[in-house]
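Q: Sequence:
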Amino acid sequence: MAQLQQGGPDEKEKTTALKDLLSRIDLDELMKKDEPPLEFPDTLEGFEYIFNEKGQLRHIKTGEPFVFNYREDLHRWNQKRYEALGEIITKYVYELLQKECHLKKVTLPVDATESEPKSFIFMSEDALINPDKLLVLIHGNGVVRAGQWARRLIINEDLDSGTQIPYIKRAIGDNGSPEEHAIYVWDHFISQSAAENVFFVAHSYGGLAFVELMIQREAEVKNKVTAVALTDSVHNVWHQEVGKTIREWMRENCCNWVSSSEPLDTSVESMLPDCPRVSADTQMHGPQHGTRLPELPGGWFPQLHKGEICKGANPIFTVPCPLRLHSFLAQRRSCRLSVCLHAHLEKQF
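Just so we're aligned, residue 1 is where the sequence shown starts under UniProt numbering, counting upward by one.
Honestly, the hints are just simulated from the structure, not real lab data. Backbone N, C-alpha and C define an ideal beta-carbon position, used for all residues, glycine too. Some hints here could point you the wrong way.
Claimed, not checked - Each pair of labels, with its calculated beta carbon distance range:
id : residue 1 : residue 2 : range
1  : 91        : 132       : 24 to 34 Å
2  : 41        : 136       : 32 to 42 Å
3  : 224       : 153       : 45 to 55 Å
4  : 108       : 129       : 37 to 47 Å
5  : 127       : 62        : 20 to 30 Å
6  : 80        : 158       : 40 to 50 Å
7  : 272       : 153       : 49 to 59 Å
As the list claims (entries may be wrong) - Pairs of lysine-lysine residues, derived as DSSO-like cross-links and limited to a Cα-Cα distance of at most 27 Å, are as follows:
id : residue 1 : residue 2
8  : 118       : 91
9  : 133       : 99
10 : 99        : 54
11 : 169       : 104
12 : 224       : 54
13 : 104       : 133
14 : 91        : 61
15 : 99        : 118
16 : 169       : 105
17 : 91        : 54
18 : 244       : 224
19 : 244       : 222
20 : 105       : 133
21 : 105       : 91
22 : 54        : 105
23 : 80        : 91
24 : 104       : 118
With these hints in hand, go ahead and build the complete structure from the sequences.
A: As structure tokens, this is what we get:
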């Protein structure tokens, strides 16, 4: 016992000396002593990796997944290599957001000067004008950036698992813009309907979308659509590069009721050589809040009228313009039936 007690202080002194020695050793510097320089490529190809057709990160030569422990016993160097690759992947995802998802990069703050620190977001072209829905995706903090859920999943799994791109594509689908949406609905629904006479009532940007549909599906639309009633359409046959045959068809089969203080159906002058423009007897664009008007195309006019949607139907209370629209559409249907009948008779004789 006496010997142990005598040796006690010596052991404590040795322990204290060892701690003091260790405290003066820079472990980071010790680890750096034998590790290669922290210099890494700035491209995926430089790392000898690519994303294959499945969105998986694979080695160019071996086809193997990413290997974290590229150099044994050099954890710090491997971690720095991993981080460098992550920065390249961030830029790669940014490119996908712009090229594949057709998002635009918007700098924040919007009024920032050159010397101010800035950030940015990505948004679709119609994000601020689409009246239907707006999908907002918010990523986490840390090293992940816009368009990413988790860098680890991107590197170890695939792009679909680790990025927001599948959500963006699912939201956009074939309906990335009102024009694309109109074409998609035409291709998958309207063109396949059994109806022999299709009528369109399109308001504001809907008119532009219809004109784009005509440009892309001219023969089909002419064959199936009987008449088109437009209200405050913002289409432009020059900007949309509408051909002569479409303009001629629009003159015969379309009418655009526009905001005007002139009496209802008064002809309104236009510089565009397409469909007739007539007054909707209002100076307002869009619904008039606080009124009990039916949600019908043009249902924002201030005075209710009693009328019939079609001959023999029960009278309804509505506003004047929808009655005009229905009257116009019904008239075009009668004309088409007459033309079809004459064409049929000519073929018979």
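Q: Given the hinted pair residue 224 and residue 54, is their Cα-Cα distance within 27 Å?
A: Violated, at about 41 Å.
Q: Does residue 133 lie within 27 Å of residue 104 when you go C-alpha to C-alpha?
A: Between residue 104 and residue 133 the Cα gap is close to 18 Å, so the pair holds against 27 Å.
Q: Between residue 80 and residue 158, does the C-beta distance stay in 40 to 50 Å?
A: Roughly 24 Å apart at Cβ, these two residues miss the hinted range, so it is violated.
Q: Is 32 to 42 Å a correct range for the gap between the Cβ atoms of residue 41 and residue 136?
A: holds, 35 Å
Q: What's the verdict on residue 99 and residue 54, does the C-alpha distance respect the 27 Å limit or exceed it?
A: holds, 17 Å
Q: Is the hinted pair residue 169 and residue 104 satisfied, with a Cα-Cα distance of at most 27 Å?
A: holds, 15 Å
Q: Compare the distance between the alpha carbons of residue 104 and residue 118 with 27 Å, and conclude whether the hinted pair is satisfied.
A: holds, 16 Å
Q: For a C-alpha distance cap of 27 Å, please report whether residue 133 and residue 99 respect it.
A: Within the cut-off at roughly 22 Å; holds.
Q: Check the hint pairing residue 105 with residue 91 against an upper bound of 27 Å on the C-alpha distance.
A: holds, 13 Å
Q: Given the proposed pairing of residue 91 with residue 54, does the C-alpha separation stay at or below 27 Å?
A: OK: residue 91 and residue 54 at ~19 Å, within 27 Å.
Q: CA of residue 91 to CA of residue 61, is that 27 Å or under?
A: holds, 23 Å
Q: Sort out whether residue 222 lies within 27 Å of residue 244, counting only the CA atoms.
A: holds, 14 Å
When the structure is compared with the earlier hints, violations turn up for hints 4, 5, 6, 12 and for no others.
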